[in-house]
Amino acid sequence: MTALPPIIEDWFSQQGWHLHPHQRAMFDRSGDPALLLIAPTGGGKTMAGFLPTLAELAGDSHKGLHTLYVSPLKALAADIKRNLRRPVEEMGLPIRIEDRTGDTPQSRRKRQRADPPHILLTTPESLALLTSYEDAAHTFRGLKRIIVDEIHALAESKRGDQLFLALSRLETLAPGLRRVGLSATVEDPPALAQLLARAPDPCPILNADPGPDPDIAMLETAEHPPWSGGGGAYAIPAVLDQIRQHKTTLIFHNTRAQAEIFFHNLWLANEEGLPIGIHHGALAREQRERVEAAMVAGDLRAIVCTGTLDLGIDWGDVDLVIQVGAPKNVKRLVQRIGRANHRYNAPSKALLVPANRFEVVECVAALEAARAHALDGDPRGPGPLDVLCQHILIRAAAGPFDADTLYDEVKTVGAYADLPRTTFDRCLDFAATGGYALRAYDQWQRLVQRPDGMWQLRDPRGAARIRMNIGTITDSDKLKVQLKHRRGGKPLGEVEEAFAATLTQGDTFLIGGHIVRYEGLREMVVEVSRDKGRKPKIAVFSGTKFATSTQLSDRILAMFRQDGWPNLPPHTADWLALQREVSKLPERDRLLVETFPHDGLHHLCLYGFAGKNAQQTLGLLVTQRMEERGLNPMGFVATDYATLIWGLDPVTDPAPLLARDGLHQALEGWLAENAVMKRTFKTSAIVAGLIDRNSPGGKRKSGRQATFSTDILYDTLRKYDPGHLMLDITRQEAMRGLVDFGRIEQMLDRIGDRIDHLSLPRVTPLAAPLFLEVGKVPVKGSAEDVMIERERKALMDAAGLA
Amino acid sequence: MERTMNGLPFSFAGETLTALPSGALHWPARRLLCVSDLHLGKSERMARRGGPILPPYEARETLTRLDADIRATDPETVLCLGDSFDDLDAMRALEDLARAMLATLMAGRRWIWIEGNHDAGPVDLGGSHLQTHHDAPLSFRHIATPDATGEISGHYHPKARISLKARSLTRPCFLIDDQRLILPAYGTYTGGLHSHRPPLNTLMGPGARAILLANPPLAVPMPR
Numbered sequence: 001m002t003a004l005p006p007i008i009e010d011w012f013s014q015q016g017w018h019l020h021p022h023q024r025a026m027f028d029r030s031g032d033p034a035l036l037l038i039a040p041t042g043g044g045k046t047m048a049g050f051l052p053t054l055a056e057l058a059g060d061s062h063k064g065l066h067t068l069y070v071s072p073l074k075a076l077a078a079d080i081k082r083n084l085r086r087p088v089e090e091m092g093l094p095i096r097i098e099d100r101t102g103d104t105p106q107s108r109r110k111r112q113r114a115d116p117p118h119i120l121l122t123t124p125e126s127l128a129l130l131t132s133y134e135d136a137a138h139t140f141r142g143l144k145r146i147i148v149d150e151i152h153a154l155a156e157s158k159r160g161d162q163l164f165l166a167l168s169r170l171e172t173l174a175p176g177l178r179r180v181g182l183s184a185t186v187e188d189p190p191a192l193a194q195l196l197a198r199a200p201d202p203c204p205i206l207n208a209d210p211g212p213d214p215d216i217a218m219l220e221t222a223e224h225p226p227w228s229g230g231g232g233a234y235a236i237p238a239v240l241d242q243i244r245q246h247k248t249t250l251i252f253h254n255t256r257a258q259a260e261i262f263f264h265n266l267w268l269a270n271e272e273g274l275p276i277g278i279h280h281g282a283l284a285r286e287q288r289e290r291v292e293a294a295m296v297a298g299d300l301r302a303i304v305c306t307g308t309l310d311l312g313i314d315w316g317d318v319d320l321v322i323q324v325g326a327p328k329n330v331k332r333l334v335q336r337i338g339r340a341n342h343r344y345n346a347p348s349k350a351l352l353v354p355a356n357r358f359e360v361v362e363c364v365a366a367l368e369a370a371r372a373h374a375l376d377g378d379p380r381g382p383g384p385l386d387v388l389c390q391h392i393l394i395r396a397a398a399g400p401f402d403a404d405t406l407y408d409e410v411k412t413v414g415a416y417a418d419l420p421r422t423t424f425d426r427c428l429d430f431a432a433t434g435g436y437a438l439r440a441y442d443q444w445q446r447l448v449q450r451p452d453g454m455w456q457l458r459d460p461r462g463a464a465r466i467r468m469n470i471g472t473i474t475d476s477d478k479l480k481v482q483l484k485h486r487r488g489g490k491p492l493g494e495v496e497e498a499f500a501a502t503l504t505q506g507d508t509f510l511i512g513g514h515i516v517r518y519e520g521l522r523e524m525v526v527e528v529s530r531d532k533g534r535k536p537k538i539a540v541f542s543g544t545k546f547a548t549s550t551q552l553s554d555r556i557l558a559m560f561r562q563d564g565w566p567n568l569p570p571h572t573a574d575w576l577a578l579q580r581e582v583s584k585l586p587e588r589d590r591l592l593v594e595t596f597p598h599d600g601l602h603h604l605c606l607y608g609f610a611g612k613n614a615q616q617t618l619g620l621l622v623t624q625r626m627e628e629r630g631l632n633p634m635g636f637v638a639t640d641y642a643t644l645i646w647g648l649d650p651v652t653d654p655a656p657l658l659a660r661d662g663l664h665q666a667l668e669g670w671l672a673e674n675a676v677m678k679r680t681f682k683t684s685a686i687v688a689g690l691i692d693r694n695s696p697g698g699k700r701k702s703g704r705q706a707t708f709s710t711d712i713l714y715d716t717l718r719k720y721d722p723g724h725l726m727l728d729i730t731r732q733e734a735m736r737g738l739v740d741f742g743r744i745e746q747m748l749d750r751i752g753d754r755i756d757h758l759s760l761p762r763v764t765p766l767a768a769p770l771f772l773e774v775g776k777v778p779v780k781g782s783a784e785d786v787m788i789e790r791e792r793k794a795l796m797d798a799a800g801l802a
Numbered sequence: 001m002e003r004t005m006n007g008l009p010f011s012f013a014g015e016t017l018t019a020l021p022s023g024a025l026h027w028p029a030r031r032l033l034c035v036s037d038l039h040l041g042k043s044e045r046m047a048r049r050g051g052p053i054l055p056p057y058e059a060r061e062t063l064t065r066l067d068a069d070i071r072a073t074d075p076e077t078v079l080c081l082g083d084s085f086d087d088l089d090a091m092r093a094l095e096d097l098a099r100a101m102l103a104t105l106m107a108g109r110r111w112i113w114i115e116g117n118h119d120a121g122p123v124d125l126g127g128s129h130l131q132t133h134h135d136a137p138l139s140f141r142h143i144a145t146p147d148a149t150g151e152i153s154g155h156y157h158p159k160a161r162i163s164l165k166a167r168s169l170t171r172p173c174f175l176i177d178d179q180r181l182i183l184p185a186y187g188t189y190t191g192g193l194h195s196h197r198p199p200l201n202t203l204m205g206p207g208a209r210a211i212l213l214a215n216p217p218l219a220v221p222m223p224r
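Chain order of the listed sequences is A and B.
For the first sequence, position 41 matches number 41 in the working numbering, and the numbering has no gaps at all.
For the second sequence, position 68 matches number 68 in the working numbering, and the numbering has no gaps at all.
For reference, chain A alone in the conformation it holds in the complex (with noise of 0.2 Å):
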């Protein structure tokens, strides 16, 4: 066991503090190459990956940056700041520590890179474009540690590909680089250490005691969950209630636009006035800020948020989460519910309270799971193409690279170990002209191979442009709300610009907690006013989506097979057993179809149990094969479990529908034509360098008519360039996220052909919460032409111009 320098040691004993075994452990072994910390939140992790610098640091006078530490959020980087600095400090250590991101001024970014501190604080984009500059050799030069906070959130994104990616970098820049991983509880750490460590090294795993299991039920309430819909607004007075007898309650939801909605309903219902704030991602930075800084004052009982909560930064004494909705995921509640009680070896405290009657089953099938410590995570497979063409331009804004050398590097990359070299000069020969068949003038180079091999940026200000578009998150598709009259005045958040584009002069909307009013759009700028009505005319604007985990959907199924349902509240059970009575339960490996007539029109429900995202597109998919028989189908809607269809004919057969072969071709065919294929195209086109997010200068153009649609391009290469690589890169994200297509081929492979078909007389207990459903998607044929079609007279006749 080594032992720490006194000076550490003696600032330990006046605090009274003793090290956990894990920050021991950790210490112990701080010669590793490289080192995975499991542990829970409150577990003193920060302290437990900062240890061994401070040692380092204590004794010697390191010259330059000693340690890197790269966390997912901006406010994570000052906060440990903060908390490092008071140490340091009080030991009296020779110690600088910056935190260095997007919000760093410009003087001090540029001294940085000249003169590091010893301890830099930064996200993977600032340290991204760090890498890219000509003397990123110099700054990262005799670099020892790189600490990579919260490894398990910045794994699921391109944002860790990014980071790891640069790593493999900083391994050549700063040979003997030592790696440590900081994360909460995961379902495959292994497969976490290998993204961390230098590939293919192995990395040793610590788990620190993850303390006592957690205190978690469904919240109790006096009125019974609706039967669809996502608000949990009928849980109101039980959620004050909670509230009043905690002393600070965090209150998750799923989505932006719950959260507002909800927020909203406390407010109203709030009589005694307690103190209750909102936060999530789409609120301005002041906004955000202001409640953040009142949280931690302990100025706040309860704080309604999306995801932007889920990380670890100490908001002070929480002693509740409550998760509204089903959690979707298991691993995401375990994680929520770590928020409570941010001390060790104290049981954090969770309510949950579904949305809706079904998700009752998916909340008992969540709590389940937490307690069995049956955690779900779907692996996200090979390192993403479009991550790799931004960082091979990322290397050439640092100086000339051989190809051979940063071939090497990249393989280094766990999520990038297999990649073929034929796949790499895919890459390179993007990154350098585009890609395109039959172009090889110079003028269509980006980057040009010098007579030694080398490769080079042909136009040396072409940095400039890749620095400014560097990162993997694109919110392109936002836009800024502010209040009229205001010119750079108060900014209230962001909308995604579909939204905008369906609000018309007078719409109400909530954003902050607060009703506004659409006025019109300036510049980019959704402006609004202040509204006092009481309840808004639209109240929904997507944010994340999240699918319910494979996982999770198995274990609702698993639950199905019960003879009884004693483990659910009584509403639930008679509801499931009503189902049973008068058609079936779904069953994993088989299809439940239903068919009945409601309201005139004949309806076919499909329980895939596949997530949202792949019902959603099995959606698409199965009203184009009714479209070809004829079948006449009129709509669908989908839910994480079923999609219902309707439509002007009976369906007497499913199984031609959901036929496997045809499938692949369907992808390829038609339903590249869809507007989320085009969206999974534009966010690979702005990483990997297609279209810019920023140019240099600043502002866009003030005629709009410079700009055109990302859409032109997807239809331009599918024309004349169907084997380009950004459509292979389409193609692959289409297998996952928002299309989710991988999910549907799973689901097929594992029903084969058992598919129960039941031709009912009537709505079914199952099927009938789905006619309550949002976001009802029309078919359309000829879509557009049709309705313009069914509009023209009526507006020429009101406007008198026919």
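Worth flagging that the hints you see were computed from the coordinates, not collected in a lab.
If you're wondering where the values come from, they're calculated on a predicted model, not measured in any experiment.
Hints are supplied without guarantee of correctness; some may be wrong.
Unchecked claim - Okay, the calculated bits of chain B under chain A, using three or more residues with CB under 8 Å as the criterion: (1) 44-55; (2) 141-153; (3) 184-193.
Glycine residues also receive a C-beta, built at the ideal position from the N, C-alpha and C atoms.
Let chain A serve as the given structure and place chain B on it in line with the hints.
Chain B in isolation, oriented as in the chain A frame:
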């Protein structure tokens, strides 16, 4: 499978003109076809200037649509209303295939290039080169002038947004009032300027209409 293209006839300055779904304008009485803002070579110009390397197929795509309109209307005269090329270097760098397509389209027809703000200067592809083309009662120029009558122009790439049941739809459009007609951009890589934004909202007089590109095009009161 090609769908039949249905135009929308309307009258302007006493003449009957047809708005085609592609954004071209047909004047049957003069056998004249007019298109605006082709912006051929836009991808080349962006790449040359160090911008993004966009798919270089837009000239082919634009000319393929023009070919279809020419086949459908069999004009004696084709008039390109300016900004036909993204700049003069883009014209010179036009790929061989696009150049050959253009030559085929021009063969046997009177072809007029109106000068635009992007492509001022002579065009070395043949055809005549003019600042303004007058053919009473109409006159054709690139950018609208304040006091003109019977004027047909382009430049602004107008588009308009209309609300249909529970959704809104944005399309490129023709704008028309008593004095002037503004054409939508015909080029593939062209964005648009909303009719409710300046200067379009002040340029167009009261009672202006927008003709949205659709098959057939749809005339509505101009959204302001």
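Quick rundown of the hints versus the structure:
1. 44-55: holds (count 9)
2. 141-153: Coverage by chain A is violated for the region 141-153 of chain B (0 residues, Cβ < 8 Å).
3. 184-193: holds (count 7)
In the structure shown, a violation is registered for the earlier hint numbered 2 alone.
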